[in-house]
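Here are the chains, one letter per residue:
There are 2 protein chains.
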Amino acid sequence: MAAKSNQESQIDVLIIGAGPAGLMAATWMARLGVSTRVIDKKGTKIYSGQADGLQCRSLEIFDSFGFADRVWKESNHMLEICMWNPDDTGVIRRSDRIPDTVPGLSRFQQCVLHQGRIERFFLDHMKKHSDITVERGVLPIELSIDESCIDDLDAYPITVNLRHLSDEEAKPAQQGHGVQDGLFRSNMAEDDTEDLIRTSREDKEEIVRAKYVIGCDGAHSWTRKQIGGELEGEPTDFIWGVLDIVPITDFPDIRMRCAIHSANNGALMVIPREHSLVRLYTQLSEIKPDASGRADRSKITPEVIIAAAQKTLAPYKITYKYCDWFTAYQIGQRVGNTFSKFDRVFLAGDACHTHSPKAGQGMNVSMQDTYNLGWKIGLVARGICDKRILATYEAERREVAKALIAFDHKFSRLFSGRPARNVIDEQGVSMDEFKRVFEKGNIFASGLSVEYENSMIVQAKRSNQALATNIKLGMRFPSYQVLNQADARPWPFQEWMKSDGRFRVILFAGNYRNKQQRERVQKFCQDLEAKGSFLRRVTPGNSSIDSVIEIFTLHSAPRREVEFFDFPDLLHPFDEQKGWNYNKIFVDDESYHEGHGKAYEGYGVDPERGCLVVLRPDQYVAFVGEIDDTASVEEYFNGLMLDGSNHRNKKMKRKQK
Amino acid sequence: MAAKSNQESQIDVLIIGAGPAGLMAATWMARLGVSTRVIDKKGTKIYSGQADGLQCRSLEIFDSFGFADRVWKESNHMLEICMWNPDDTGVIRRSDRIPDTVPGLSRFQQCVLHQGRIERFFLDHMKKHSDITVERGVLPIELSIDESCIDDLDAYPITVNLRHLSDEEAKPAQQGHGVQDGLFRSNMAEDDTEDLIRTSREDKEEIVRAKYVIGCDGAHSWTRKQIGGELEGEPTDFIWGVLDIVPITDFPDIRMRCAIHSANNGALMVIPREHSLVRLYTQLSEIKPDASGRADRSKITPEVIIAAAQKTLAPYKITYKYCDWFTAYQIGQRVGNTFSKFDRVFLAGDACHTHSPKAGQGMNVSMQDTYNLGWKIGLVARGICDKRILATYEAERREVAKALIAFDHKFSRLFSGRPARNVIDEQGVSMDEFKRVFEKGNIFASGLSVEYENSMIVQAKRSNQALATNIKLGMRFPSYQVLNQADARPWPFQEWMKSDGRFRVILFAGNYRNKQQRERVQKFCQDLEAKGSFLRRVTPGNSSIDSVIEIFTLHSAPRREVEFFDFPDLLHPFDEQKGWNYNKIFVDDESYHEGHGKAYEGYGVDPERGCLVVLRPDQYVAFVGEIDDTASVEEYFNGLMLDGSNHRNKKMKRKQK
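Chains A and B, in that order, give the protein sequences.
Note that the first sequence covers residues 1 to 657 in the UniProt record's numbering.
Note that the second sequence covers residues 1 to 657 in the UniProt record's numbering.
Hints in this document: simulated from the structure, not taken from any laboratory.
Treat the hints with caution; some may be incorrect.
[To be verified] Straight-line C-alpha distance at most 16 Å; calculated EDC-like pairs for lysine to aspartate or glutamate:
| id | chain 1 | residue 1 | chain 2 | residue 2 |
| --- | --- | --- | --- | --- |
| 1 | B | LYS321 | A | GLU576 |
| 2 | B | LYS435 | B | ASP96 |
| 3 | A | LYS204 | A | GLU135 |
| 4 | A | LYS73 | B | GLU495 |
| 5 | B | LYS321 | A | ASP575 |
| 6 | B | LYS73 | A | GLU274 |
| 7 | A | LYS472 | A | GLU601 |
| 8 | B | LYS73 | A | ASP69 |
| 9 | A | LYS321 | B | ASP575 |
| 10 | B | LYS578 | A | ASP69 |
| 11 | A | LYS472 | A | GLU451 |
| 12 | B | LYS578 | A | ASP250 |
[What the hints assert, rightly or not] Each pair of labels, with its calculated beta carbon distance range:
| id | chain 1 | residue 1 | chain 2 | residue 2 | range |
| --- | --- | --- | --- | --- | --- |
| 13 | A | ASP606 | B | ARG97 | 23 to 31 Å |
| 14 | B | ALA406 | A | GLU608 | 46 to 54 Å |
| 15 | B | LYS73 | A | SER9 | 37 to 45 Å |
[Said to hold, decoys possible] Quick look at which bits of chain A chain B covers, simulated, 3 or more residues with Cβ under 8 Å:
| id | region |
| --- | --- |
| 16 | 77-83 |
| 17 | 238-248 |
| 18 | 252-259 |
| 19 | 480-489 |
| 20 | 557-571 |
Ideal placement from N, C-alpha and C gives every residue a C-beta, glycine not left out.
Work out the full structure: start from the sequences and follow the hints.
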């Protein structure tokens, strides 16, 4: 038994698990200045393998923090999907090509990069903005919630006992095939947390009292068990192997994403990766689960996986000299029956939904869980938002998890099936249906079809969607190229909607040469600047007027016919040290080098009359209305934001940028 | 006196001076694996101020090493130049707007970023690729050349004595105004190298024997004096101040590059920079040189500079709370009478040309000097190229320096003059002429108008320019978007022409669906693969076939109608470990997300018949001919390249990427 310790401390947020979901949560806390600890039972960061597919939406999110460029540079971009199916003679042929990302959806396209690099970018970003680090080799062993104070925002109702493991214990057992593998965390492995607890020695314990706990501790989530949650659903008998190799092959599409169905030798998915690597997902038909429902992991080796791939790919040949990583998994879809307890302990990522990795969704949906949750906890902890917004996490993300599970259920069964020999072969899978599901899945897989429902943070009822037909309520704000009025530089507009915790009002000022339109904008500014306005109410007296809610202006008049100082001061606030703010007013006009963004057309906004749009801190659209409808905007913010006088200082030491 | 030391060592290349020119040279050596030392008399890297303007061509060069993205992200992009001139009543008005970079010239546009960041990116890149570091606080004190062995490639004919300074000595004296300034290295300061030598104490000396020395030690170049070189030209009486501030102003174009001529209160140039900074270049009419030709530096303060700017900018107001840096300079243009000695000691950058900084050329032309020189020294040191190519450095770069000086002479006098009151005011400067010179200067200032003449490394005489009307002999290879045949990813084609020391053959394969065209390509490959071909001759036996000369193919057939394996093996060479090379064959076709590059049209190449292009390792065009004209290509390479058996191993420890 470990030595008990009396060491006790308090923290606003405790994050359990430092995978992509946990690091996304920590990144929010770093940006919002919320005191936070991150623990992970593993002793080291991962270096190869694991998840790798990145949705457009994930890249947009990385960009909102400022590191999408690193991903975009290092990743392999996937442009085209090639489908290979048996021809009349049973030989595989390329039957179709479709774009991997539906054109026009996003300024980013799907790409792949090893999870360890993504984690590196999160860690670098946290370091730049905060003192939050990941404490590795630390295991949570007990969690209790003091229900008597769960409504007290100053209280620390959650008590978690932590054990610091010795180095030896924190190292996951590999299967010893000479290459790194992921079998130790495959869903075919039993959970090893219990073992770690039983065998702990020479370690120490401490007690942490937290306001919020976020469990990002994977499919075997310890946190989930503490709050009595369950994953619901059953595994299938389909077992797939995953192999990362530098392939030596005469298959012509090895650098394309391929879905290959052989006549009688199973299916294969090809994912081209960075550094000449290719990931093969291949069905291991010869390995079956035993009576307990699990297959014998020791039978799965790189040789077994490549042999299966070779059969599917015949008559083409494939082999390798270098193998980077491999794993296997058993297809199954499960979703958690609860995502939180008392809105104090939350689950995210694999802790509340698991599915097959082939569609490249897992890491994305997991990160997007905590991208949804992080700002809510952060702004409540900072005293900026009403704690009732926390309930929207489960409401919003459980729907996404369910949609994911439904998609994966259909997709993975179609993928694992044998192609139909003809239209009356009912045992086989129709390749036309497969293609339809694949194409539909591609939109889903972009992460851009997520639509949050009406709630206290999505003001659908007082909105007028017709004023901005392509800025959909509850969906993420799309991006079009606009120009900065002050320096004529073109920008994807979304790039200015940083994940820094601020809500945003986008003032589509319309044709600003028009006198009436200028008067409407002036009236809007007067309303917001008036004594007692919601903007003044939610902004602390000693803070700049854009510190809680930021206003961006996008007008449609020709850039050269409007001057920067034609706009009211509120739209480009003055600072004693820095002068006027030159990064708030944008225009929909032709650029010198990158064409015309046609933003008003893209957004579906009348270029004469414009409109008002409110965005949440996560870029989701909260309100669409007339420029004059400041009353609805006021009602929206009054419903969820506390007075500026309630704000807590940022407690954590903030680093200089 | 310093203690003499017997310490002696040998090195292939000694670089004196670690500013942008020196670091560019060192970066080539890092990439080419040439043993190199870099010394700088200053004890620390610079942190603010200095040069900041970056040409399109400099960005392309950074991109060829792989770090343009860091510059592009951090820099301020300049899009538009606004000209302000007195109106009929003598009040300044915006009279014109022109694009800062001529549209279509490059995929990059001019931008500004503090020199210290550029140096950081060079240093990071050197660290990634080599063990070369900068030794600071090291002063060269004696240089001699043993003329008896200057033709012996194995000899180290240059002896340089170095003195390692104490920290105190290596710190440049600032003027003590409370902000960092650049007056200590302004051209209004006397050289302080002599002082450093005389006052040295507690230091040590060593002797270095080098094959090549590159003097990048600035306008007061010590190296230049050792080889008996002189800068020729005279200063003017015009004195300009430079001030980096965060401005507080009601001037509407403060985030544009502005050229402002007031009626009677001098001229001002505005350069908007990163981090809300703005650089002001302003004429200091009230400060005049004394009888010695130099002005009193102690009279120049930020207050003097801002006061001058305020007068020019009236009736607009400008002030600041934060000043980052300032300096002053006296306009003058001088060019060195020699650029090298025995092709063993070379001068580059300010050591062989100085001019006024306002046009943002200095850092660029200096870096481009050593970008031209570095690969030549590197490939000669490696035994890959004949040493006669070294003579092309002075031939090519002296012309560029002279063109720069001529441009700056005209531009700075026009800028410093008073605007003409009317057409008969001959004392004044015509604002129309100013605009014309400015616009012409803008093309010059892109760095893309450089054209090297026919020589052993530019095979103009056997070329047929008509086959590629926009791939100009002696100019840099332009960039158009192309797609990778293997994965459909769009790329700016130039991005593949990395600065790694390889020459390149670009095979414009034309319409590859056409049988005759395929036969021409096959014949081309047979010629190059034949026993005794120039390609086999220059490639060491144990190296891959693309290690000295790399072949890229760009065809014009529809991507989907041609297969990767339709192309001969030579065009996508096989590697035992890595399989086929998927990054050699490109196609001019529509992309899914970024339009059609129309590369054949852009390059001016017949999409049916194609052509052959040879590029030097610095992306300059060496030859244009028919696909069948391998004889001319052979002659070109035979003229400058040694047999592969002569290659020296990379001596320096190369780091793993």
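Comparing the hints with the structure gives:
Pair hint B:LYS321 plus A:GLU576 holds up; C-alpha atoms about 8 Å apart against a cutoff of 16 Å. As the CA atoms of B:LYS435 and B:ASP96 are separated by approximately 9 Å, the hinted pair is consistent with the 16 Å bound. For the proposed pair A:LYS204 and A:GLU135, the alpha carbon gap of about 14 Å is at most 16 Å, so the pair holds. For the suggested pair A:LYS73 and B:GLU495, the alpha carbons sit about 12 Å apart, so the restraint of at most 16 Å is met.
Proposed proximity of B:LYS321 and A:ASP575 is supported: the alpha carbons are some 11 Å apart, at most 16 Å. The suggested pairing of B:LYS73 with A:GLU274 is violated, with an alpha-carbon distance near 22 Å, which exceeds 16 Å. Simply put, A:LYS472 and A:GLU601 have alpha-carbon atoms about 14 Å apart, close enough for the 16 Å limit, and the pair holds. About 9 Å separates the Cα atoms of B:LYS73 and A:ASP69, which keeps this hinted pair within 16 Å; it holds.
At most 16 Å may separate the alpha-carbon atoms for a hinted pair to count; A:LYS321 and B:ASP575 meet this at roughly 11 Å. Of the pairs offered as hints, the one joining B:LYS578 and A:ASP69 is violated, with about 27 Å between alpha carbons and a cut-off of 16 Å exceeded. Taking the CA atoms of A:LYS472 and A:GLU451, the gap is about 8 Å. The hint holds against a cut of 16 Å. Under the criterion of a C-alpha separation no larger than 16 Å, the hint pairing B:LYS578 with A:ASP250 is consistent with the structure, at around 13 Å.
Between A:ASP606 and B:ARG97 the beta carbon distance is about 28 Å. The supplied range of 23 to 31 Å therefore holds. Hint check: B:ALA406 to A:GLU608, Cβ distance near 52 Å, so the stated range 46 to 54 Å holds. Taking 37 to 45 Å as the suggested C-beta distance range, the pair B:LYS73 and A:SER9 conforms, at roughly 38 Å. With 4 residues carrying a beta carbon less than 8 Å from a beta carbon of chain B, the region 77-83 of chain A meets the three-residue requirement, and the given coverage holds.
Here's how the region 238-248 of chain A fares: 3 of its residues keep a CB closer than 8 Å to some CB of chain B, so the rule of at least three is met and the hint holds. Three residues within the 8 Å Cβ limit are the bar, and the region 252-259 of chain A against chain B gives 4, so the coverage statement holds. With 5 residues bearing a CB less than 8 Å from a CB of chain B, the region 480-489 of chain A meets the requirement of three and the coverage assertion stands. For a cut-off of 8 Å, the count of residues in the region 557-571 of chain A with a CB near a CB of chain B stands at 4, and the three-residue condition holds.
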